[in-house]
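Numbering (the numbering used here), first residue to last: 1243 to 1417.
Careful: at least some of the hints might be erroneous.
To be verified - Below are the EDC-like pairs computed for lysine to aspartate or glutamate, each with C-alpha atoms no more than 20 Å apart in a straight line: (1) Lys1271 with Glu1285; (2) Lys1271 with Glu1406; (3) Lys1298 with Glu1274.
Claimed, not checked - Just the calculated beta-carbon pair ranges, DEER-fashion: (4) Val1412 with Asp1252: 30 to 36 Å; (5) Thr1245 with Asn1409: 15 to 21 Å; (6) Gly1267 with Ala1407: 42 to 48 Å; (7) Glu1348 with Glu1400: 23 to 29 Å; (8) Lys1383 with Pro1294: 38 to 44 Å; (9) Asn1392 with His1343: 38 to 44 Å; (10) Glu1363 with Asn1409: 33 to 39 Å; (11) Glu1257 with Glu1400: 54 to 60 Å; (12) Trp1411 with Asp1259: 17 to 23 Å; (13) Asp1308 with Gly1267: 39 to 45 Å.
The hints are simulated quantities; they were obtained by calculation from the structure and are not laboratory data. We put the CB at the ideal spot given by N, CA and C, even for glycine.
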Amino acid sequence: MQTIKLQAMDGDIVEVDREAMRCSGLIQKLLEIYEEHGGPDKEIPVEHASGPVLRKIVVWCEHHKDDATQDESKMEEGAGEQKEDGDDKKVPEDVAAFDKHFVRVEQNFLMEMLTVANYMEMEPLMKLLTTAIAQLLKGKKAEVIREQFNVTCDFTPERLKRIEAQNAWVDQKEK
């Protein structure tokens, strides 16, 4: 097993199986560049990741390293119920269970992981994380979501009333 070292922005070093990091477009590109110049002789910096976030993402990569094609539907469905994908294959229960457990973290940590997954060009992980975030938002009113994500409302009270009146059917449909 060939390993590489990743360095988080806070200086933490995480050693990981090189094969596990094939799910990161950024790391793959950096490894190609480094190999042209004799290979990575030191840690690969991951600027947007704190040590805890980078370690958590590496755990996800290690778990999914044997996924033959990094099939996006498998990763995406991990945040929801076990479903069948387009090829009539079931998502393995251990993948779905792992991914469900993986996203059970605090909201801020989830958002940090999404930012790092985006930076590291990890599409399957981004889909898993955005699905988990969508589940956090599901069924909540705009005011609750704004409060939960610390977003200020820039609409005037008159504009808000107009929007609520235009969308009153949504509240009626939920009842």
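Consistency of the hints with the structure:
Of the pairs offered as hints, the one joining Lys1271 and Glu1285 holds, with about 15 Å between alpha carbons and a cut-off of 20 Å not exceeded. For the given pair, Lys1271 sits about 48 Å from Glu1406 by alpha-carbon distance, which is inconsistent with the 20 Å threshold. With a CA separation close to 24 Å, the supplied pair Lys1298 and Glu1274 exceeds the 20 Å bound. For Val1412 and Asp1252, the Cβ-Cβ distance of about 43 Å falls outside the hinted range of 30 to 36 Å, so the restraint is violated.
The hinted window of 15 to 21 Å between Thr1245 and Asn1409 is violated, with their beta carbons roughly 53 Å apart. Between Gly1267 and Ala1407, the C-beta spacing of about 45 Å keeps the proposed range 42 to 48 Å intact. In this structure the supplied range 23 to 29 Å is violated for Glu1348 paired with Glu1400, their Cβ-Cβ distance being about 37 Å. The hinted window of 38 to 44 Å between Lys1383 and Pro1294 is violated, with their beta carbons roughly 32 Å apart.
Roughly 27 Å separates the CB atoms of Asn1392 and His1343, a value that falls outside the hinted 38 to 44 Å. For the pair Glu1363 and Asn1409, the beta carbons lie near 36 Å from each other, so the given range of 33 to 39 Å is met. A beta carbon spacing of about 58 Å between Glu1257 and Glu1400 agrees with the range 54 to 60 Å that was offered as a hint. Between Trp1411 and Asp1259 the Cβ separation comes to about 52 Å, which falls outside the hinted range of 17 to 23 Å.
Our hint of 39 to 45 Å for Asp1308 and Gly1267 is violated, since their Cβ atoms are close to 19 Å apart.
In this structure, the hints that do not hold are numbers 2, 3, 4, 5, 7, 8, 9, 12, 13, in rising order.
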